[in-house]
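Undergrad: Next come the chains, spelled out residue by residue.
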Amino acid sequence: GAVVSQHPSWVICKSGTSVKIECRSLDFQATTMFWYRQFPKQSLMLMATSNEGSKATYEQGVEKDKFLINHASLTLSTLTVTSAHPEDSSFYICSARDPRVATYEQYFGPGTRLTVT
Amino acid sequence: DQQVKQNSPSLSVQEGRISILNCDYTNSMFDYFLWYKKYPAEGPTFLISISSIKDKNEDGRFTVFLNKSAKHLSLHIVPSQPGDSAVYFCAASDLGSGTYKYIFGTGTRLKVLA
Numbered sequence: 001g002a003v004v005s006q007h008p009s010w011v012i013c014k015s016g017t018s019v020k021i022e023c024r025s026l027d028f029q030a031t032t033m034f035w036y037r038q039f040p041k042q043s044l045m046l047m048a049t050s051n052e053g054s055k056a057t058y059e060q061g062v063e064k065d066k067f068l069i070n071h072a073s074l075t076l077s078t079l080t081v082t083s084a085h086p087e088d089s090s091f092y093i094c095s096a097r098d099p100r101v102a103t104y105e106q107y108f109g110p111g112t113r114l115t116v117t
Numbered sequence: 001d002q003q004v005k006q007n008s009p010s011l012s013v014q015e016g017r018i019s020i021l022n023c024d025y026t027n028s029m030f031d032y033f034l035w036y037k038k039y040p041a042e043g044p045t046f047l048i049s050i051s052s053i054k055d056k057n058e059d060g061r062f063t064v065f066l067n068k069s070a071k072h073l074s075l076h077i078v079p080s081q082p083g084d085s086a087v088y089f090c091a092a093s094d095l096g097s098g099t100y101k102y103i104f105g106t107g108t109r110l111k112v113l114a
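Protein sequence lines correspond, in order, to chains A and B. 1 is the number of the first residue of the first sequence in the numbering used here; add one for each residue after it. 1 is the number of the first residue of the second sequence in the numbering used here; add one for each residue after it.
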């Protein structure tokens, strides 16, 4: 299947700083990518849909000024957690759909573990 | 409001036997369903999907059944292998909305005993 990468795989930052997470589709162009977060032993919660060349669509309850999403090219979306706080510590995962494939599965990156101290 | 639920948080099955994982949904607009397998600290891996126009889809050891009237789907793994031990998530999508976004269930941790 298609390959999606994320960088970094883990990051530790201090409270009040910002951190950027990258999501790349390696062998296909993705006009749409998705960002999820997962708390320990919980489900994956969709945060936002990242659209290439336009504004992201955020799910209800997700602060768009805190979680900045930029989808500047067909293979790269970034999530910036601004003014991070310890409660932002979580596992962040991105996914993308390969438009060449007739079915609708999304391919997920390996995830980024964010720890805010 | 949890639109997709997996009521069994965990399941243990003997190697070689059948594993049955269940998933219920409430939104009648969902028309595409998927199962993903996930290991800790990794992204989910796609297993199998089914469209609402079907009631069964099979791929090797994995079969997904869909009962639209009951808003219920299940994943059957047979025979189960120790390597199948992981957390399994069902996901649902309303393709008619054009968003392609998923709503995930709460997950079931499967343990296959050797």
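Since the hints were derived computationally from the structure, they do not count as laboratory data. Among the clues, some could well be false.
Mimicking DSS-like on lysine-lysine, the simulated pairs with C-alpha atoms at most 27 Å apart in a straight line are [to be verified]:
# : chain 1 : residue 1 : chain 2 : residue 2
1 : B       : K37       : B       : K54
2 : A       : K41       : B       : K37
3 : B       : K54       : A       : K41
4 : A       : K41       : B       : K111
5 : B       : K71       : B       : K5
6 : A       : K55       : A       : K20
7 : A       : K41       : B       : K71
So, partial list: chain B residues that the calculated Cβ filter (under 8 Å) puts toward chain A [as the list claims (entries may be wrong)]:
#  : residue
8  : M29
9  : Y32
10 : G43
11 : F89
12 : S93
13 : G98
14 : T99
15 : Y100
16 : Y102
17 : F104
18 : T106
19 : G107
A virtual CB, placed ideally from N, CA and C, is assigned to each residue, including glycine.
Undergrad: If a hint holds in the structure, say so; if it doesn't, say that too.
TA: Hints versus structure:
1. K37(B) / K54(B): Status holds; Cα separation ~22 Å.
2. K41(A) / K37(B): 14 Å, holds
3. K54(B) / K41(A): Since the Cα atoms of K54(B) and K41(A) sit roughly 31 Å apart, the hinted pair is violated (cutoff 27 Å).
4. K41(A) / K111(B): Within the cut-off at roughly 15 Å; holds.
5. K71(B) / K5(B): The hint holds at about 11 Å.
6. K55(A) / K20(A): Holds: K55(A) and K20(A) sit about 17 Å apart, inside 27 Å.
7. K41(A) / K71(B): 25 Å, holds
8. M29: 15 Å, violated
9. Y32: Because about 5 Å separates Y32(B) from the closest Cβ in chain A, which is inside the 8 Å limit, the hint holds.
10. G43: 3 Å, holds
11. F89: 7 Å, holds
12. S93: With Cβ-Cβ at 7 Å, under 8 Å, it holds.
13. G98: 10 Å, violated
14. T99: Interface hint status for T99(B): holds (6 Å vs cutoff 8 Å).
15. Y100: This hint holds: Y100(B) lies near chain A, its Cβ roughly 6 Å from the closest one there, short of 8 Å.
16. Y102: 7 Å, holds
17. F104: 5 Å, holds
18. T106: 5 Å, holds
19. G107: Holds - the Cβ of G107(B) comes within 8 Å of chain A, reaching about 6 Å at its closest.
This entry does not satisfy hints 3, 8 and 13, going by the numbered hints stated previously.
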